[in-house]
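> For the record, the sequence lines run as chains D and H.
Counting with full-length UniProt numbering, you get residues 1 to 326 for the letters of the first sequence.
Counting with full-length UniProt numbering, you get residues 1 to 326 for the letters of the second sequence.
Hints may contain errors.
For identical chains, the list gives no copy identity; a pair is met inside one copy or between any two copies.
Quick list of in silico lysine to aspartate or glutamate cross-link-like pairs, EDC-like style, CA-CA up to 20 angstroms [to be verified]:
| # | residue 1 | residue 2 |
| --- | --- | --- |
| 1 | K45 | E11 |
| 2 | K146 | E195 |
| 3 | K96 | E195 |
| 4 | K221 | E256 |
| 5 | K146 | D197 |
| 6 | K146 | E282 |
| 7 | K41 | D259 |
| 8 | K146 | E299 |
Read the hints as simulated data drawn from the structure, not as lab findings.
Now for the letters of each chain:
Number of protein chains: 2
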Amino acid sequence: MKTEILTILRENEGYVSGQQLCDKLNVSRTAVWKVIEQLKKEGYKIEAVRNKGYHLTESPDVMSQAEIESRLETEWAGNPVIYMDETDSTNIQAKKLGEAGGKHGTLVVSDRQTAGKGRRGRGWESPSGASIYMSILLRPEFLPDKAPMLTLVMALAVAEAVQEVTGEAAGIKWPNDIVLNKKKICGILTEMSAEIDYINHVVIGVGINVNTESFPEEIQKTATSLAIETGKKWKRPDLAAAVMRYFENYYNMFAEAQDLKPLQERYNRLLVNKDREIQVLEPGHEFGGTALGINETGELIVRKADGSIEEIYAGEVSVRGIYGYV
Amino acid sequence: MKTEILTILRENEGYVSGQQLCDKLNVSRTAVWKVIEQLKKEGYKIEAVRNKGYHLTESPDVMSQAEIESRLETEWAGNPVIYMDETDSTNIQAKKLGEAGGKHGTLVVSDRQTAGKGRRGRGWESPSGASIYMSILLRPEFLPDKAPMLTLVMALAVAEAVQEVTGEAAGIKWPNDIVLNKKKICGILTEMSAEIDYINHVVIGVGINVNTESFPEEIQKTATSLAIETGKKWKRPDLAAAVMRYFENYYNMFAEAQDLKPLQERYNRLLVNKDREIQVLEPGHEFGGTALGINETGELIVRKADGSIEEIYAGEVSVRGIYGYV
């Protein structure tokens, strides 16, 4: 019921009477009052004025299930939300749900991860209270070889959501890092369970540094948070809901086209490597060139010094800007 | 110790003295005697002759850990063997071990599956006492897009092992069904957990109908067993060990080449579709042609009526012989 009351309070600019809430939710005045008191304890500022009713004036930065659900404006992305104060890793939990038959769009969110995962099993710093750790479970109907492109779909969704919420010019470092002022603010980890010609499920994990105040020394040069870059705190549930809104829309476009064509222009507009010099590091083969953007399947188009074009696949190479991380 | 005693008895054509066993295993005569008695109870026929020692004359058809391990001649394939009398599905168990850090080559074997899986989540009949249900856990170092070829590597290994053990002309129906007299005797289910450019693990499940006496009516026309086709019973551990021996060898060749080139000729020799008329059923597109064999990446090369060549990928189509299942 918390989700519903928060949703109704949010939808109304002015006051909502206790009676209205009772009628809509078909519960007693006492039940409504109890939830309002609970919400206040959790940090919500709710004005209660006699003969007018309740008015939500401020929400806390808590990643609770009710808070996230009441902010979601999606059909399937984030339906349901599974929230845990602490877990090993949201990707691990989402994969378990995937094995157990969990539904397309299920979103696992946690305030803290004890075994956060980066790529290739590397760790991902996951303290509580400051970051978004969430993983969405997907059951695509396309073939497994299309799945790697989903990570670019999510990168685009996160970059757009960060821009919308903060007004900052977040960009994408190909293929799927989100950067602000040349430092990384978000990592994406896409994992797939598949048969040869059939996807069991895909899990896309998103870790966004929102209000983190400092980073371990070894990553300070490459990692940052929205708070560090903007000098102010941001509401995580807001941003998480915006990511889901963009992702649902872009996923639908991608799934219909079965390639990145409908998203290619948008992605390339946000691509920080675009028209920049990069180094392509292939095993046993290294070359420089200018990144021109992605093609329809998400490969990076690179023009080499001699004018020839190479399209490079994320699996085979890593790309480094000539100057620093980007 | 059971495994070791069985292994030693098998390695010796004649008699092995109790003292030899004690020395090799560094245990007491009583301990050896106890294991011998246990083995007899399990159905092993072991002659014990005074002043000569023990001689193994016959092994039962039991899929026990000791029996399988004592027959294995591999380095890593089947090391270790995890045996369970009954489980939901060996693929499910192997995937769990994969998530938990299990070792490359781990082989999960069960005498009975309560939730045996075919492709795309379909069921797989798994009664006890007659079939091989086993799944090998792999941690390949190549890129995820190479993994689908592994299913052809296993198909080849099973077909060769069946030929070696039974002397029957088992063949392969592209891409990975093993057939005998135009009916299916083995199904292979390959599942992968991967990041974009990194394989977490691959599980290849193998279900072989060995001594099955009859099949449910709905699959009688397409399924058979070694016992039905040959009129006699076969020892499952023998066959399982032979599959592992072929698989380890072929996997090593594949992993080095990173394609099927070194196995292509062998595979095509066993391909029952070769030089036969087939129907290719693509969504919204159907055509006939002659199957010529697989190419280096496992695609089926088809010559159409007009002489043109198409190479078809297993993910996109199904292939049907003009006459019946094959």
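> If a hint holds in the structure, say so; if it does not, say that too.
Now the hints, each set against the structure:
1. K45 to E11: within (16 angstroms within a copy, 80 angstroms between copies)
2. K146 to E195: both (13 angstroms within a copy, 13 angstroms between copies)
3. K96 to E195: Cα proximity of K96 and E195: in one copy and across copies (17 angstroms, 16 angstroms).
4. K221 to E256: For K221 and E256, neither the intra-copy (39 angstroms) nor the inter-copy (38 angstroms) Cα distance is at most 20 angstroms.
5. K146 to D197: Both: 11 angstroms inside a copy, 13 angstroms across copies.
6. K146 to E282: Intra 22 angstroms, inter 18 angstroms, cutoff 20 angstroms: inter-copy only.
7. K41 to D259: Neither. Shortest intra-copy (47 angstroms) and inter-copy (61 angstroms) distances fail the 20 angstroms Cα cut-off.
8. K146 to E299: Answer is both; intra-copy 12 angstroms and inter-copy 18 angstroms each pass.
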